[in-house]
Amino acid sequence: MPALDSASNGTPRIGVYVCHCGINIAHTVDVPACAEFARALPHVTVAREYKFMCSDPGQELIQQDLRDGLVNRVVVASCSPLMHEHTFRTATKVGGGNPFMFQMANIREHVSWVTVDKGMATDKAKSLIAAAVARISFHEPLERTRVPVHPDVMVVGGGIAGIHAALTMADAGKKVYLVEREPTIGGHMAKFDKTFPTLDCSACILTPKMSAVRSHPNITLWSYSEVSHVEGYVGNFKATVKRKPRYVKEDQCVGCLDCIESCVYKVAKVPDEFNVGLSMRKPVYVPFPQATPLVAVIDPETCIEFKSHHCKKTCVEACEKDAIDFNQVEEIHEVPVGAIVLATGFKTFDAKRISRYGYGKYPNVYTSLEVERMVNAAGPTGGEVHLADGAKPRAVGIIHCVGSRDVATNRYCSKVCCMYSLKLAHLLKERTGAEVYNFYIDMRTPGKGYEEFYDRLLQEQVHFIRGRVAEVSDWAMDDEEEGRLILRVEDTLIGRVRRIPVDMVVLSVGLEAQPDADDVRRLFNISCSKEGWFLERHPKLAPVSTFTVGIFLAGACQGPKDIPESVAQAGAAAAEALALVDRGHVELEPNTAYSVEELCSGCHVCIALCPYSAIAFDKTKNASVVNGALCKGCGTCVAACPSGALQQNLFRDEQIFEEIKGVLSYV
Amino acid sequence: MNYPYYPGCSLKSTGKPYDESMRAVFTALGHSLEEIDDWNCCGATAYMSISEEKAFALSARNFALAEKHNGKGDVNLVVPCAACYLGLNKAQRYLREHDDLRQTVSKALAEAGLTYRGNVKVRHPLEVLINDVGMDAIKARVTRPLKGLKVASYYGCQLVRPYADFDDQHDPTSMDRIVTALGGTPVDWPLKTRCCGGSLTGTVPDVGYRLSYVLLREAQRRGCDVIITACPLCQFNLECYQPTMSRANHTTVHMPVVYFTQLMGVAFGLKERALGLQRLFVPFEFTPAAPESKGAVHASA
Chain A
35 MPALDSASNG TPRIGVYVCH CGINIAHTVD VPACAEFARA LPHVTVAREY
85 KFMCSDPGQE LIQQDLRDGL VNRVVVASCS PLMHEHTFRT ATKVGGGNPF
135 MFQMANIREH VSWVTVDKGM ATDKAKSLIA AAVARISFHE PLERTRVPVH
185 PDVMVVGGGI AGIHAALTMA DAGKKVYLVE REPTIGGHMA KFDKTFPTLD
235 CSACILTPKM SAVRSHPNIT LWSYSEVSHV EGYVGNFKAT VKRKPRYVKE
285 DQCVGCLDCI ESCVYKVAKV PDEFNVGLSM RKPVYVPFPQ ATPLVAVIDP
335 ETCIEFKSHH CKKTCVEACE KDAIDFNQVE EIHEVPVGAI VLATGFKTFD
385 AKRISRYGYG KYPNVYTSLE VERMVNAAGP TGGEVHLADG AKPRAVGIIH
435 CVGSRDVATN RYCSKVCCMY SLKLAHLLKE RTGAEVYNFY IDMRTPGKGY
485 EEFYDRLLQE QVHFIRGRVA EVSDWAMDDE EEGRLILRVE DTLIGRVRRI
535 PVDMVVLSVG LEAQPDADDV RRLFNISCSK EGWFLERHPK LAPVSTFTVG
585 IFLAGACQGP KDIPESVAQA GAAAAEALAL VDRGHVELEP NTAYSVEELC
635 SGCHVCIALC PYSAIAFDKT KNASVVNGAL CKGCGTCVAA CPSGALQQNL
685 FRDEQIFEEI KGVLSYV
Chain B
1018 MNYPYYPGCS LKSTGKPYDE SMRAVFTALG HSLEEIDDWN CCGATAYMSI
1068 SEEKAFALSA RNFALAEKHN GKGDVNLVVP CAACYLGLNK AQRYLREHDD
1118 LRQTVSKALA EAGLTYRGNV KVRHPLEVLI NDVGMDAIKA RVTRPLKGLK
1168 VASYYGCQLV RPYADFDDQH DPTSMDRIVT ALGGTPVDWP LKTRCCGGSL
1218 TGTVPDVGYR LSYVLLREAQ RRGCDVIITA CPLCQFNLEC YQPTMSRANH
1268 TTVHMPVVYF TQLMGVAFGL KERALGLQRL FVPFEFTPAA PESKGAVHAS
1318 A
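Top line first, the protein sequences correspond to chains A and B.
Under my numbering, the first residue of the first sequence is numbered 35, with each subsequent residue one higher.
Under my numbering, the first residue of the second sequence is numbered 1018, with each subsequent residue one higher.
Simulated from the structure, these hints should not be mistaken for laboratory data.
Every value quoted in this text rests on a predicted model; they were computed, and no experiment measured them.
Just so you know, not all the hints are guaranteed correct.
FRET-style restraints, in silico, Cβ to Cβ [said to hold, decoys possible]:
hint: 1; chain 1: B; residue 1: T1062; chain 2: A; residue 2: D513; range: 37 to 45 angstroms
hint: 2; chain 1: A; residue 1: D552; chain 2: B; residue 2: Q1186; range: 23 to 31 angstroms
hint: 3; chain 1: A; residue 1: T336; chain 2: B; residue 2: A1265; range: 54 to 62 angstroms
hint: 4; chain 1: A; residue 1: P397; chain 2: B; residue 2: G1151; range: 33 to 41 angstroms
hint: 5; chain 1: B; residue 1: T1190; chain 2: A; residue 2: P397; range: 55 to 63 angstroms
Don't be surprised by glycine CBs; every beta carbon is placed ideally from N, CA and C.
Using the sequences plus the hints, can you model the full thing?
Below you can see the structure in the form of structure tokens.
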């Protein structure tokens, strides 16, 4: 391309190609008039119109003109660059030009689709074409840079999504670091008794995968650990992982539980996190029998040795493996990885926020997660469902959409609650024989076998009352209601307000983003939706990618999801991460900022502003320097630099000023 | 502090004891209420359903008068009636958010030689007592702690919904906190904001009485000695029809229903007549507990 490379200094020969886009553009824009207008602009040597510029013959027009030496710069007036910039840059390259000697004028989304009057639309299209033509004379050839990709990967979060992503990548031969904050992997799924709609045992299908993680030669499992720092860029991240001390040596402990048995606390007194507070644990504990790794952990907040240093340390005596180590300290690991899959999950809605449902006030009002533990054979009650006073409930009310579809809390549908409410309704009826009432707004059961499960529940004589419950209270109107919980609800199918007395209320709480989602977002340099869910790059076409290349999403951290969906998404995230890592290199776009070092005054403004930490101050040069691999081309530093030392490829001042002049020249 | 005061029509008639006790309590706490001159209906009555514009113009006239009364700066207009408080707050919100309405209303005010600059803040005395006066000052003023008195705080539907932001909309606690400061025992009951029947006691009495009855019955069931309210209509509905309800439900409904300011006055040791207690149909009297005896005594005048 020697002729073209020197073209930035030589005479520009600009080709303008105006697209009809079928009738999308031609319906409101006079395309031939635009082409004729373009032909008369300075340095334009060729101006053509075509029905579909993105089609092969359309692209061939550009390539032929390049090959014939008629043009050395290309302007296409068509749709949004988000749609076809890549297409036409490639066409320019195939024709022998530099892909960045190309500019797009958006006369569809910005003109024909939003303008009614044909005259006005044509005028605006001409302005935009004039702008593109004016700017492209100041383009210069740019090159994408190629950087190698580190083959190792990291998965953050060890719920079902993280587990599946880690196993998939490890099976593909990649070395995987799986980082989990809790003492065990398993996440929410480990707490469930059964899964909908098949009612297969949650633990039975999850624990084999947990053990597979533990024994996989390619997986390094860091439980009770958190990622504390991430730097670098796609293919070359450096992640710092903090391993919290569990005061039990992971490589020595065999999970015999003798330490727990012998703890000086004869009775467990600490609310058990895994059983969501429904039972008690000791200061030394294993979250649940199938915990992975099956290694005890000592909670320094409640352990007497940490509080008084005068414990008899019966646990140490009991441990035959000498695994207990009160002097353990936090470990820091720094590992290079090429890609990161985030699978940090969700939290359930805090039912106390809706005071009228009486959670925390009436002892027999439970959240769905508490009931999950209660119906679980391995749970705090051994699968028995009973009320605070030990009696079996005669009637149970399940309130759907608690913290979902509600302007006062969360507007969105949490997606999984209808189905898990059905599952709990089935289990509660099975275990207690109680009358079960579901209070719903709409039943949402799309999914394989889901509607059939709903149908099954109807057959099982579970009651369904359509209406949002107004309140749960204990004020009785008659003897039947005395001493029970009364749900007041407008039954919208019969058009009446009803009072339904029950003994137990289950609040089907919605899903929310993790409370520290915003910190995690910052850590990995990705975006959140306004509800706090991690934002995918494109809701349809890039659902597991993020705006930071090399960081992928899996599971409910991206939005409410059930188990099948989480697993599917985890597989997709793993596949995308593998595609990136296996390619062995990445190409970085050249629209990055660069520093004209002699102009830099050393004020450091840019360094603080850069959202990607891409700018560093080079003391030897006494100037800010941009790391092109980290720079995402947002332009913040360029706009902020008081001395004009920061410039950005494709957005240099003269390019932008010429573009503005171009727009105004037609007006 | 001297607060501009908008009593509203109820406090000049059926709700007179609310007005009397309100002034007495503010005075006892070293503050005063100054009634604004020539005020008119808040707009909360039938106006709102006939013509919103006229209702808002009525509200705005009161705001204009309050500004005139105050001279300059922000006006903290104290509005005790729950219906006025809701109506005036609604007017504030609508005038702030709808330019066309503000212009229409300004025009109407101009014809009466008035202007409203938008400096009025509509405040409920309950909120003023808690935020401006403070719980410590209230506690310090108590001379007859209401030891052993079981009090159900009834907020009604209009006080905390939907515009007020000083308390929880479903489980308000401000009156309960005052009860505690007075030495009494707030009774936990779930009907704090349930409808008293409103004007249905006058229009569809069967339904209205039933709504009131539910409240009284539950208060009785929970062993309350007295219900306190912050709304003249709630007080009226709950207190005045107790014999009717007793007959209709073949039971005895007997429950004193007083304004929260009356209860405060009692704890402050103010005179019965200063608090309008003599006007009650169901008398309320608090006798401090003799040691080891029951706390509350209902006079059966």
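Consistency of the hints with the structure:
| no. | hint | result |
| --- | --- | --- |
| 1 | B:T1062 to A:D513: 37 to 45 angstroms | 41 angstroms, holds |
| 2 | A:D552 to B:Q1186: 23 to 31 angstroms | 27 angstroms, holds |
| 3 | A:T336 to B:A1265: 54 to 62 angstroms | 58 angstroms, holds |
| 4 | A:P397 to B:G1151: 33 to 41 angstroms | 35 angstroms, holds |
| 5 | B:T1190 to A:P397: 55 to 63 angstroms | 21 angstroms, violated |
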